[in-house]
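Here is what each chain is made of, one letter per residue.
There are 2 protein chains.
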Amino acid sequence: MNDTQRKTYDALCDHLRDTSRLEAVGAIIGWDEQTKMPSAAGPYRAEQMALLAGITHERHVDPKIGEWLDELEAALGADDPDWRTSTDDIPVVVRLARRDYDRRVKVPGDLVESLTMACVRGQQIWAAAREADDFQAFRPALEEIVKLKREEAEAIGYDDTPYDALLDEFEPGAKTTEVAALLADLRDRLVPLVAAIADSERRCDQTILTRKIPADRQAAFGEEVSRAMGFDFERGRIDTTTHPFCTTLGPADCRITTRYDESFWAGSLYGTMHESGHGMYEQGLPEAFYGLPLRECASLGVHESQSRLWENMVGRSRAFWEHFLPSAKRHFGSPFDDVTVDSIYFAVNDVRASLIRVEADEATYNLHIMIRFELEKEMLEGTLSPADLPDAWNERYEGYLGVRPPTDREGVLQDIHWSGGLIGYFPTYTLGNLVAAQLFEKAREDLGDIDAQIAAGDLAPLRDWLRANVHRSGSRLPADRLVEHVTGRPLSDDPMLDHLQKKLGPLYGIS
Amino acid sequence: MNDTQRKTYDALCDHLRDTSRLEAVGAIIGWDEQTKMPSAAGPYRAEQMALLAGITHERHVDPKIGEWLDELEAALGADDPDWRTSTDDIPVVVRLARRDYDRRVKVPGDLVESLTMACVRGQQIWAAAREADDFQAFRPALEEIVKLKREEAEAIGYDDTPYDALLDEFEPGAKTTEVAALLADLRDRLVPLVAAIADSERRCDQTILTRKIPADRQAAFGEEVSRAMGFDFERGRIDTTTHPFCTTLGPADCRITTRYDESFWAGSLYGTMHESGHGMYEQGLPEAFYGLPLRECASLGVHESQSRLWENMVGRSRAFWEHFLPSAKRHFGSPFDDVTVDSIYFAVNDVRASLIRVEADEATYNLHIMIRFELEKEMLEGTLSPADLPDAWNERYEGYLGVRPPTDREGVLQDIHWSGGLIGYFPTYTLGNLVAAQLFEKAREDLGDIDAQIAAGDLAPLRDWLRANVHRSGSRLPADRLVEHVTGRPLSDDPMLDHLQKKLGPLYGIS
Chain A
1 MNDTQRKTYD ALCDHLRDTS RLEAVGAIIG WDEQTKMPSA AGPYRAEQMA
51 LLAGITHERH VDPKIGEWLD ELEAALGADD PDWRTSTDDI PVVVRLARRD
101 YDRRVKVPGD LVESLTMACV RGQQIWAAAR EADDFQAFRP ALEEIVKLKR
151 EEAEAIGYDD TPYDALLDEF EPGAKTTEVA ALLADLRDRL VPLVAAIADS
201 ERRCDQTILT RKIPADRQAA FGEEVSRAMG FDFERGRIDT TTHPFCTTLG
251 PADCRITTRY DESFWAGSLY GTMHESGHGM YEQGLPEAFY GLPLRECASL
301 GVHESQSRLW ENMVGRSRAF WEHFLPSAKR HFGSPFDDVT VDSIYFAVND
351 VRASLIRVEA DEATYNLHIM IRFELEKEML EGTLSPADLP DAWNERYEGY
401 LGVRPPTDRE GVLQDIHWSG GLIGYFPTYT LGNLVAAQLF EKAREDLGDI
451 DAQIAAGDLA PLRDWLRANV HRSGSRLPAD RLVEHVTGRP LSDDPMLDHL
501 QKKLGPLYGI S
Chain B
1 MNDTQRKTYD ALCDHLRDTS RLEAVGAIIG WDEQTKMPSA AGPYRAEQMA
51 LLAGITHERH VDPKIGEWLD ELEAALGADD PDWRTSTDDI PVVVRLARRD
101 YDRRVKVPGD LVESLTMACV RGQQIWAAAR EADDFQAFRP ALEEIVKLKR
151 EEAEAIGYDD TPYDALLDEF EPGAKTTEVA ALLADLRDRL VPLVAAIADS
201 ERRCDQTILT RKIPADRQAA FGEEVSRAMG FDFERGRIDT TTHPFCTTLG
251 PADCRITTRY DESFWAGSLY GTMHESGHGM YEQGLPEAFY GLPLRECASL
301 GVHESQSRLW ENMVGRSRAF WEHFLPSAKR HFGSPFDDVT VDSIYFAVND
351 VRASLIRVEA DEATYNLHIM IRFELEKEML EGTLSPADLP DAWNERYEGY
401 LGVRPPTDRE GVLQDIHWSG GLIGYFPTYT LGNLVAAQLF EKAREDLGDI
451 DAQIAAGDLA PLRDWLRANV HRSGSRLPAD RLVEHVTGRP LSDDPMLDHL
501 QKKLGPLYGI S
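If you read the protein sequences in the order shown, they are chains A and B.
Be aware that the first sequence starts at 1, since it is given in this note's numbering, and climbs by one per residue.
Be aware that the second sequence starts at 1, since it is given in this note's numbering, and climbs by one per residue.
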C-alpha cells in the first residue's frame, strides 16, 4: 500500500471508530433505560434512541465507505492475490467493512423503516398477547414480520434458502443446510439419551434449588463467582433487570445484568455466570481494534459458547461445587446446612422434559432450539403459515420432548425473538453449546487436570486459555475457521454428546 | 406571520428540539460517568462526550439557523415594533435562539472540542487529586482550562473584562461590575452581623450535627423530605456521588445526587433538599416547550434561588423542624433521643467560620463565594497564576473568614467547578441566595401564615406558588425582569439581610 492508500485506510478507520463511539452512546442510553431510568421518561428516551439510530445508520451507508473500499480492495488485490483469505489486520478490516456495508446498502431505507415499526409494534402486541394467552392477537403482527423478513432476505440475496440470508447476520458465512444437518444429528442422538434418563429411577433432591435465599446474599455469592471467573469489575459492573443481558458501552465498559428470585437462587447464579462469560469475551476482545469490525465477536454462536462454557461446563461441574459449596454455605446460611457436593451437583444437573426453554437443562435445551429453528425456517420459506404455528409447535414438543403445552403462553408465545424480528437467531444458541463443548474438550487436553484446577478455585488457566485462543482473535477468523484453528477439527456434536453422556450416565445410572 | 414564516418557525423548532434530544443524550452519558461508570472507562467516555459535543455544536451553529432567524425577525418586526420586549411565545423563542446562536458562532469548533475534552479529563484528574490532596497533580489541567476559557471569552467578546463574557453564559445580561457591587454591599453588611455573632456567648449543641447515623437511614429520611417538598420520583431519581448535582436528561427525567457522611447527617439532608429544589424547578418548567430555549431556567441565579429557598428558608426554619423532627427521630433512632425542636433549630443555624463551602452556614456562605469570585476573575484576567492559587486561596480565607485550610483538599481542591470549566458560575450562588430571600419574602406576603403551613408539613402552597410564579415562566422573562415582575421591585440584598437578622438575632441574643 502506498501513502495515499494508507490515508484512505485511516479515513475508513476513523469513520468506523466514530460510528462505533455513537453506537456505544446508544448502548449507554439503552442500558440506562433498562436499569435506571425513571418510569415516566420512556417516550422521550425512545425519541432519543430513534434519532441516534438514524444518525448512525446514515454513517453506516455513507457512499464514501463504498468508494474507500473500492480503492482499498484494488490496492490489496494488486499487492497479494490471496488477500481475501489473509488474516492480516488490513485485509480483515477491509473484508469485514465490505460485508457490513454491502448488507446494509442492499436493504432499502423504507424496508428498514417498515421492519423497525413492525418489530416495535410486534413486541408490544406480543407482550400483551402472551399476557392474555391469545395467539390470534399476535398472528397478524407475526405474519407481517415474516413477510418483511422475507423481503429483507430477498434484498440481501442467498443461494439456497432465504433463511441463509438471515442466519448470515448472526453466524457470518454459515449455511442453513449445514446447520440443519448438525442440529438434526444432535437431535437424533439426544432423544434416546433423554428417554433413557426419563426411564431412570434415580432422582435428585430438587428442593435444593428452591430454598429461600435473600437477594443480597445471592448477589454477594454471584459476584464472588464472577470475580473468580475473571470478570473485570474495573471495566464492568452488574445490575438487576427483569431480563438479564450483557451490553458493551466502550472498550473498558461492559455491563451485565441478572435477576434475583428468592425462591430460585440457581437462576441468579447461573444467569450471572452466563452473562459473565459473555462479558469476559467482550472484555477480552483485542482492545487496539476497538471501533473496528475486527474487535467484534466471531459470531453469536461463538459468543454464546463463552457464556455456556462457564455456565454449564464449569458451573454445573462437580469440581465447581467442591470449591464453591463452602462459600455458598457461608453466604446462604442455614438453608444450605444439609447440602452436600453430591446433592447439589445432581440437583443442578437435573434433566427432565419441560415446556420453557430458558428453564431447560443442558440436555433438553437443544431440543427446544431445534423446534424453533425448524418452525422459523418453514415460516420463512412459506411451507408453514403463521396461522398453523401453534399446532405445529405443540406437535413438535410432543414428538421431541414428550410434553404438550397446555397453553400458548407456555408454548409458542414464550419467546420474545420473533416479535422483534429475530429470525435466524435461535440456532446460535445450540451452535454455542456445541462450540463450548468442543472448546472445553480441547482446553482439557491443553491444560492438564482442569477438574483439579476448578476444584482448587483456580479458574485462571481456563480463562487465560480462552482469552488467548478465542477472545484475542476477535473476528479475525470467521467462526468455523476459528473452531477448526483452535480445536484442530471442524465443529461437531461429538464433544457435546460425549460431555453429556459422561456427566449424566453416572448420575442417572445409564450407560 | 404568514404560512411560509410559520413553516420557517416550525423548522427552527424541529431543529432545536433534535439538538436538545442529542444534548440530553450527552447529559445521560455524563450522569452515568459520575454515578455508575466503571473506573477504567473514563478515557473512551471522554471521546464519546467530545464527539457528541462536536455534533451538537455543529447543529447549534448551523447557518440555516441564522437564515431562519433573519427571516423570522424581519417578519416579527413587520408585525409588531415592540416584538423585542414581547413575552409571547414566538418572539421569546426567536430572541433566545438568536442570543444562543450569536454566542456560539463566535466560538470556533476546535476550541469547543478542546474545552470539552479538557473539562472531562479535568474532572477525572481533579477527583483523583482531591482524593490524594495533591494540587500539583491538578495544576496542569487547571492551567489548560483557564487558558481555553480565556480564549473562549476573547472569541465571544466583552466590554470591560473577559469575565463579563463568561458570567453572561450563566446570568444572561448580568455585568461583572454590577454583580461585584452587589456582593460588596452584602459583605459590608454581613461582616458586622457575623462579628456580633462571634462575640455572642450563646452557642448551640453542635454535637447534634455529628451524631453517627447510618447512610441508609439518612437516605430514607432525605427521600421522605424530598417527596414532601414535591420532587417527583416518577420523573426523577436520587443517587450517590462525591459532589452532589442535579441534571436533566429529558422532559420527564431529572436526576439529583447527594452524599452520605455517617458523622454528618445534615450534609446529606440539606444536600438532598438543595438538589430537590433544583430538580423541582426543572420538573416545573413548561413541558410543552421542551427542547426550545423557552423551557430553560431564567438564569443560574434563579436556579440557585430554588435550591437555597428550600434548603435555607424552609429547611433551616423552626417550622420545618416542628414537623420533621418526629420523623427524623423515627429514622435516626437513639442518637436523636434528646434532640428538641429548639436544639436542632439552633444547631442547623450555627454560624461560624469554616473551610468547606457546601457545609457553610447561611451567613458566612457568601464570603466563601466572594473568595472564589475574586480568584477566578483574577485567574481569567491573568493577574493570578494557577500555580499561585493555593497560597492566594489560603490567604483570602485567613483574611475574610479568619481560618486557614490545613490541606488543599479542605481548600482549593474542594469544588468541582473549575475542573469542569465552570468559571463565572460562582457568583450565581450568592445571587441565588438574594433571589431566594426576596421570593420567600413575597411568598410570605401572598400565602398568609407560611410558617403554620410548613409546621403542619404542608409544603404544597409554597411549591405551587413557586411553580406558578417562577417555574412556569421558564426563560420567558430574563432573571432581573422575573424578580421584579414577581416581587414588585429590583433585586436587592435587603430581604436576605432582613431574613438573617430576624433569624440570628434572637438565636444569638443580638439586635
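Some hints could be false.
Stated by the list, open to error - Sample of chain A residues facing chain B (criterion: CB under 8 Å; computed from the structure):
#: 1; residue: 25
#: 2; residue: 39
#: 3; residue: 99
#: 4; residue: 103
#: 5; residue: 238
#: 6; residue: 251
Unchecked claim - Distance condition first, Cα-Cα at most 25 Å in a straight line; then the derived DMTMM-like pairs of lysine to aspartate or glutamate:
#: 7; chain 1: A; residue 1: 36; chain 2: B; residue 2: 110
#: 8; chain 1: B; residue 1: 36; chain 2: A; residue 2: 261
#: 9; chain 1: A; residue 1: 7; chain 2: A; residue 2: 70
#: 10; chain 1: A; residue 1: 64; chain 2: B; residue 2: 47
#: 11; chain 1: A; residue 1: 36; chain 2: B; residue 2: 216
#: 12; chain 1: A; residue 1: 64; chain 2: B; residue 2: 216
Keep in mind that the hints were calculated from the coordinates and are not lab data.
Note that CB positions come from ideal geometry on N, CA and C, so glycine has one too.
Now for the hints, and whether the structure bears them out:
{"no.": "1", "hint": "25", "in the structure": "holds, 5 Å"}
{"no.": "2", "hint": "39", "in the structure": "holds, 5 Å"}
{"no.": "3", "hint": "99", "in the structure": "violated, 25 Å"}
{"no.": "4", "hint": "103", "in the structure": "violated, 25 Å"}
{"no.": "5", "hint": "238", "in the structure": "violated, 11 Å"}
{"no.": "6", "hint": "251", "in the structure": "holds, 6 Å"}
{"no.": "7", "hint": "A:36 x B:110", "in the structure": "violated, 34 Å"}
{"no.": "8", "hint": "B:36 x A:261", "in the structure": "holds, 24 Å"}
{"no.": "9", "hint": "A:7 x A:70", "in the structure": "holds, 14 Å"}
{"no.": "10", "hint": "A:64 x B:47", "in the structure": "holds, 23 Å"}
{"no.": "11", "hint": "A:36 x B:216", "in the structure": "holds, 19 Å"}
{"no.": "12", "hint": "A:64 x B:216", "in the structure": "violated, 55 Å"}
The earlier numbered hints that this structure contradicts are 3, 4, 5, 7 and 12.
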